[in-house]
Amino acid sequence: MRAGHALEALGAISLRELRKFMQQRSRLLSALVRPLLWLVVFAAGFRNVFGVAVIEPYSSFIEYQVYVAPGLLGMICLFNGIQSSLAMVYDREMGMMRLLLTAPLPRAWLLASKLVAGTLLSLVQCYAFLVVCALFGVDLPWSGWLYALPALLLGGLMLGALGLLLSVYIKQIENFASTMNFVIFPMFFMSSALYPLWKLKESGADWLYWVASVNPFTHMVELTRFAMYGQLNSTSLAVVAGSATVFFIWAAYGYDPQRGMVKKRAQA
Amino acid sequence: MTSPAANPPATTPANTLDVRDAVKSYGDVKALQGVSLNIAPGQFMALLGPNGAGKSTLFQLLSGLFVPDGGAISICGEDFLKKPTVGLAKIGVVFQQPTLDLDLSVTGNLRFHAALHGLGRAGREQIAPLLAQVGLGGSEDKICRTLSGGNRRKVELARALLHRPALLLMDEATVGLDPQSRTSLMALVRGLCRDQGLSVLWATHLVNEAEQADRVYVLHRGKQLIEGTPAAVTAASGCATLEEAFLKMTVPPPGAPGAGGKPVEKTA
Numbered sequence: 001m002r003a004g005h006a007l008e009a010l011g012a013i014s015l016r017e018l019r020k021f022m023q024q025r026s027r028l029l030s031a032l033v034r035p036l037l038w039l040v041v042f043a044a045g046f047r048n049v050f051g052v053a054v055i056e057p058y059s060s061f062i063e064y065q066v067y068v069a070p071g072l073l074g075m076i077c078l079f080n081g082i083q084s085s086l087a088m089v090y091d092r093e094m095g096m097m098r099l100l101l102t103a104p105l106p107r108a109w110l111l112a113s114k115l116v117a118g119t120l121l122s123l124v125q126c127y128a129f130l131v132v133c134a135l136f137g138v139d140l141p142w143s144g145w146l147y148a149l150p151a152l153l154l155g156g157l158m159l160g161a162l163g164l165l166l167s168v169y170i171k172q173i174e175n176f177a178s179t180m181n182f183v184i185f186p187m188f189f190m191s192s193a194l195y196p197l198w199k200l201k202e203s204g205a206d207w208l209y210w211v212a213s214v215n216p217f218t219h220m221v222e223l224t225r226f227a228m229y230g231q232l233n234s235t236s237l238a239v240v241a242g243s244a245t246v247f248f249i250w251a252a253y254g255y256d257p258q259r260g261m262v263k264k265r266a267q268a
Numbered sequence: 269m270t271s272p273a274a275n276p277p278a279t280t281p282a283n284t285l286d287v288r289d290a291v292k293s294y295g296d297v298k299a300l301q302g303v304s305l306n307i308a309p310g311q312f313m314a315l316l317g318p319n320g321a322g323k324s325t326l327f328q329l330l331s332g333l334f335v336p337d338g339g340a341i342s343i344c345g346e347d348f349l350k351k352p353t354v355g356l357a358k359i360g361v362v363f364q365q366p367t368l369d370l371d372l373s374v375t376g377n378l379r380f381h382a383a384l385h386g387l388g389r390a391g392r393e394q395i396a397p398l399l400a401q402v403g404l405g406g407s408e409d410k411i412c413r414t415l416s417g418g419n420r421r422k423v424e425l426a427r428a429l430l431h432r433p434a435l436l437l438m439d440e441a442t443v444g445l446d447p448q449s450r451t452s453l454m455a456l457v458r459g460l461c462r463d464q465g466l467s468v469l470w471a472t473h474l475v476n477e478a479e480q481a482d483r484v485y486v487l488h489r490g491k492q493l494i495e496g497t498p499a500a501v502t503a504a505s506g507c508a509t510l511e512e513a514f515l516k517m518t519v520p521p522p523g524a525p526g527a528g529g530k531p532v533e534k535t536a
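Protein sequences, first through last, are from chains H and X.
Residues in the first sequence are numbered from 1 upward in steps of one, following our numbering.
Residues in the second sequence are numbered from 269 upward in steps of one, following our numbering.
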């Protein structure tokens, strides 16, 4: 694999995803409306139900909107990661995937290129949402826009790799609805995105607390939350980096022609 | 041509494609049961078989999507199973399913392919002359969605030739085309064999396409029935035409209705 060739392919795959994304304005719109609903409606309702006490990384009492913003950035990456995997399943059914896999590059590199391309889309959406947050007067530090970038990048890669892994096992597009039910919703709700974990513990939901504390999505959100204030949550960093690696290797294994994503599938 | 000394024997093979005893099963379904075939440079081989004969499986192996359970495949003398990326660089594929990005221009589609193959500027400069060669001069900037089915196929052919492959795989590429488009596609590919020494494996279940090949390989239930020139295959079966010979050879055994898949399709 020549480095020039590998980068040329990575660039082309990324540009293709970006171009497709730009052509679907409704996708950007829905990517923004979804977290916005949470931010405006949900946060308005909950603002007075629970005030968030001073917890790390915050140095003072914060509004609920400020608390929920990193969780909503995570939600954007989660949806986009899964949606990219849906596109892979679609590509596979339509034959585009086969074309991609005939490129004379190692398959893992082609998958990594897909992953990077999907993560770039996550980042575009995250920053669009940060602009929306600023317009709605959510008090996030400006320096956080920069500090959060590596956290969002790594988190986006992890959730994209999860999407890749799911695309190995989702055989048909129709199964997307069940993916929503069994992956997106549990990951989002059983995490620290909407409420701090100690709230769960306080209310006596021990098993939920336990699940949420090992949920990689929680750590992606916490990594972003701390990064917003220029702090590093090293536990979260380790969990996110570790999960991203495991998900990607597992997905690459699934796409390996020897073991084969659809090895057991009957002849096309 | 370079002098023989610059090319050690391993890289100047007699055959462009060498398949030996390829075996592939999907669960209990034995899709290929020991298929051997070879194609010399400039040779046009038709792979003829009823639906379900194993043609698609063979193409999946040859395009690197899967690896065989047993047997060997080498492309231009290089072991395809050990060094798939070396082989993939020498193969051009036109899939049965359309794989164009319909929202992209003709040139855009070819540029994407050039990047996947790491062809750089030299590859991009080949696009216009290649399109002229397949009869699409002047259509460079057309969006693929606006093209007819026959012209879309020609774009896919141009794309498959862009990286100057030694072997062209046509996986039932004429399915869904009108007779004129079929004839012109066939004439184009025949010309490439004659003028540029391109080797072609052309899968079809249309007997009249197989009649125009240098050699015919009849595949049935994952096994070779016969291989030879169209005239020799016809003579060996004692029939008057290749069509009769093919029907006689692939007749389903009594008591197993429809075991051989759909009957052979007559061409217009």
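Just to be clear, a hint being listed does not mean it is correct.
Stated by the list, open to error - Quick list of in silico lysine to aspartate or glutamate cross-link-like pairs, EDC-like style, CA-CA up to 16 Å: (1) Lys358/X x Asp369/X; (2) Lys350/X x Glu56/H; (3) Lys358/X x Asp347/X; (4) Lys20/H x Asp289/X; (5) Lys410/X x Asp369/X; (6) Lys351/X x Asp256/H; (7) Lys350/X x Asp286/X; (8) Lys491/X x Asp347/X; (9) Lys199/H x Glu56/H; (10) Lys20/H x Asp371/X; (11) Lys298/X x Glu346/X.
Because the hints were derived from the structure by calculation, they are not lab data.
Here is how each hint holds up against the structure:
Between the alpha carbons of Lys358/X and Asp369/X the distance comes to roughly 23 Å, so the proposed pair goes past 16 Å and is violated. In summary, the hint linking Lys350/X to Glu56/H is not supported, as the alpha carbons are separated by about 53 Å, beyond the 16 Å threshold. Taken as a hint, the Lys358/X and Asp347/X pair is honoured in the structure, with Cα atoms around 12 Å apart against an allowance of 16 Å. A C-alpha spacing of about 43 Å is found between Lys20/H and Asp289/X, which places the hinted pair above 16 Å, so the restraint is violated.
A hinted pair counts as satisfied when its Cα atoms are at most 16 Å apart, and Lys410/X with Asp369/X qualifies at roughly 12 Å. A threshold of 16 Å between alpha carbons decides the hint, and for Lys351/X with Asp256/H the separation of about 14 Å falls inside it, so the pair holds. A distance of roughly 14 Å separates the Cα atoms of Lys350/X and Asp286/X; the hinted pair therefore holds under the 16 Å criterion. Between the alpha carbons of Lys491/X and Asp347/X the distance comes to roughly 22 Å, so the proposed pair goes past 16 Å and is violated.
As the CA atoms of Lys199/H and Glu56/H are separated by approximately 14 Å, the hinted pair is consistent with the 16 Å bound. With a C-alpha separation of about 9 Å, the suggested pair Lys20/H and Asp371/X falls inside the 16 Å cut-off, and the hint holds. Between the alpha carbons of Lys298/X and Glu346/X the distance comes to roughly 27 Å, so the proposed pair goes past 16 Å and is violated.
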